[in-house]
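Each chain, written out:
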Amino acid sequence: MRYAMAVDTKKCVGCSDCVVACQTENQVPIGYCRDWIVEVTDGTYPQLEIEIRSERCNHCDNSPCVRCCPTGASHYAEGGVVLVTPKECIGCGACIASCPYDARYPHPDGYVDKCTFCLDNRVKKGLDPACVSVCPTKCMYFGDLDDPNSPVSLVLKKRKWKTLIPEAGTMPQLYFLI
Amino acid sequence: MREELIVSGRLNRLIDPYLQIWHWHIPLYLFLGGLAAGILFFAALVTIQGKENKYPTAARIAPFITPILLSFGLLALLLDLNHKLYFWRLYTTIRIESPMSWGAWTLMVVTPLSLIWCALNIKEIFPKWDWKYPVLISVEAFFRKHLLIISWVMLVFSLILGVYTGILLSAFNARPLWNTSILGPLFLTSGLSTGAAAIVLMSRNHLERHYFAKIDLMLIGIEVFLIIHMFMGFLASTQVHIEAAQLFLGGPYTTIFWLFVFSLGLVIPAILEILELRGFKMPYWLAPTLVLTGGIMFRFIMTYAGQASRWLY
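Protein sequences, first through last, are from chains A and B.
The first sequence begins at 2 in this note's numbering and counts up by one.
The second sequence begins at 150 in this note's numbering and counts up by one.
Source of the hints: derived by calculation from the structure; they are not laboratory data.
No experiment lies behind these values; they were computed from the predicted model shown.
Cβ coordinates follow ideal geometry from the N, Cα and C atoms, glycine included.
Warning: the hint list may mix true and false statements.
Said to hold, decoys possible - Here chain A is said to cover these stretches of chain B; the calculated rule only asks that three of the stretch's residues, wherever they fall, bring their Cβ under 8 Å from a Cβ of chain A:
1. 218-232
2. 268-277
Unchecked claim - Label-pair ranges, simulated between beta-carbon atoms:
3. Lys11(A) - Leu224(B): 49 to 55 Å
4. Val305(B) - Arg160(A): 41 to 47 Å
5. Ile371(B) - Pro109(A): 40 to 46 Å
6. Asp147(A) - Ala457(B): 35 to 41 Å
7. Gly127(A) - Thr387(B): 41 to 47 Å
8. Lys125(A) - Met381(B): 49 to 55 Å
Said to hold, decoys possible - Residues of chain B placed beyond 10 Å of chain A at every Cβ, according to the derived structure:
9. Glu152
10. Trp280
11. Met367
Just need the whole structure built from these sequences, with the hints factored in.
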């Protein structure tokens, strides 16, 4: 099993519903976010192109954060989802420094926090992650890449896509449809 | 002209707009760890060579400050943790892939060794010291009998400690400035150089001061070569590495690095040491003080600048 997510940059309008849904579902402390919106404007007026992306942890296949964690708190869980066990985390910040996407942040309670793909609270119950299920334009697809009929497998077969800085060697599993 | 404007909705504390997860604790520890590694390396080396009487400060006196240096370093590391009460988790596992993990274990070996070394030489500081209890006397005798083995173990582990202070940073490919394998040898050389400088500062023996000034001069030469080599490597590498080098070549860290680290911390003390070795009268403390100041500045600048360097996106 390999959980992955695809975000359609042609459909995303940058409304930030995914951000708020995540903060609510996961009780993210005020002022922090596990997912966020990035807008890239490209070109010269009037020939402008805009790309809007809903970004989060890439749940990399080759995660630098898991590699550099001195206690094993950062680990691969079911379906390759990268999780942090708060009770094992000493808050040294090595994983934060190691993430080229800056997807992690120090939780005010001391441990390091990040996107979990809502693995325990939603996905294991058969639900989509909060961000995916709340999206008003339905621009996000989630599922198992090993299952050829999962929403994410189907859309990746049909559409052109990219990942973010694959040259960092992380093998990211968050796909952007372009 | 083509333009790209990136707007991000993320504003996590200590992460945005640029990474600030590591403050003074880490560079201070990197400096203290490197300095302790340097002093312990020379103590072990001089002992293995059987030159303790020729270089008594290096072999017996200077190591007395290493438990203090290591304690302050460890305290800084502890203060840096966000989840302090869980620090013991470091010692419930060994993760070979994580430099921080095996570095923590290296400290677990080096710190007791530095204490044993002090215990063996305690009479140098307190001539009337008496171990009193037979158990302690026999433990001391045991360590003294195996001094050569202890010296070899200390020699190896002090080198690991010195190189680890650099590898800790170089293992992060997310921060291009740190992500060079030169950083391990560079921090090791800098640690050994500050160690030699500390010995020169503490020594009251003219011959010993001369000998370690010569060693320091050689180490400074290697360090200058490694720094130039590091920038050559960056400039011949990918765009992110070129931009990392630009932080020091015209960017915000240019003046502070080339003035305080490269000139005042390496080139000037090297010139002073050459002049002193040629027989010019110099205040003997000047060059080593500059080397030590340059060493601590170097750790701070690398730690902060590294967090400002990132992948393009």
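*Could you tell me whether the CB distance from valine 305(B) to arginine 160(A) stays inside 41 to 47 Å?*
Since the Cβ atoms of valine 305(B) and arginine 160(A) sit about 55 Å apart, the hinted range of 41 to 47 Å is violated.
*Does the Cβ pair lysine 125(A), methionine 381(B) satisfy 49 to 55 Å?*
Holds - the Cβ-Cβ distance for lysine 125(A) and methionine 381(B), about 51 Å, lies within 49 to 55 Å.
*Check on methionine 367(B) being off the interface with chain A, judged by Cβ distance over 10 Å*: Non-interface label stands for methionine 367(B): nearest chain A Cβ at 33 Å, farther than 10 Å.
*Minimum Cβ-Cβ distance from tryptophan 280(B) to chain A exceeds 10 Å*: 37 Å, holds
*Between isoleucine 371(B) and proline 109(A), is the Cβ distance one that fits in 40 to 46 Å?*
45 Å, holds
*CB of glycine 127(A) to CB of threonine 387(B), is that within 41 to 47 Å?*
43 Å, holds
_Outcome, coverage of the region 218-232 of chain B by chain A - at least 3 residues whose beta-carbon is closer than 8 Å to one in that chain_ = The restraint on the region 218-232 of chain B holds, since 4 of its residues have a Cβ under 8 Å from chain A and three suffice.
*Are at least 3 residues of the region 268-277 of chain B within less than 8 Å of chain A when you compare beta carbons?*
violated (count 0)
*Check on glutamate 152(B) being off the interface with chain A, judged by Cβ distance over 10 Å*: 6 Å, violated
*Does the Cβ pair aspartate 147(A), alanine 457(B) satisfy 35 to 41 Å?*
With Cβ atoms ~40 Å apart, the hint holds.
*With 49 to 55 Å as the target window, see if lysine 11(A) and leucine 224(B) comply at their CB atoms.*
For lysine 11(A) and leucine 224(B) the Cβ distance comes to about 53 Å; the hint holds.
Of the numbered hints given earlier, the model fails hints 2, 4 and 9; all others are met.
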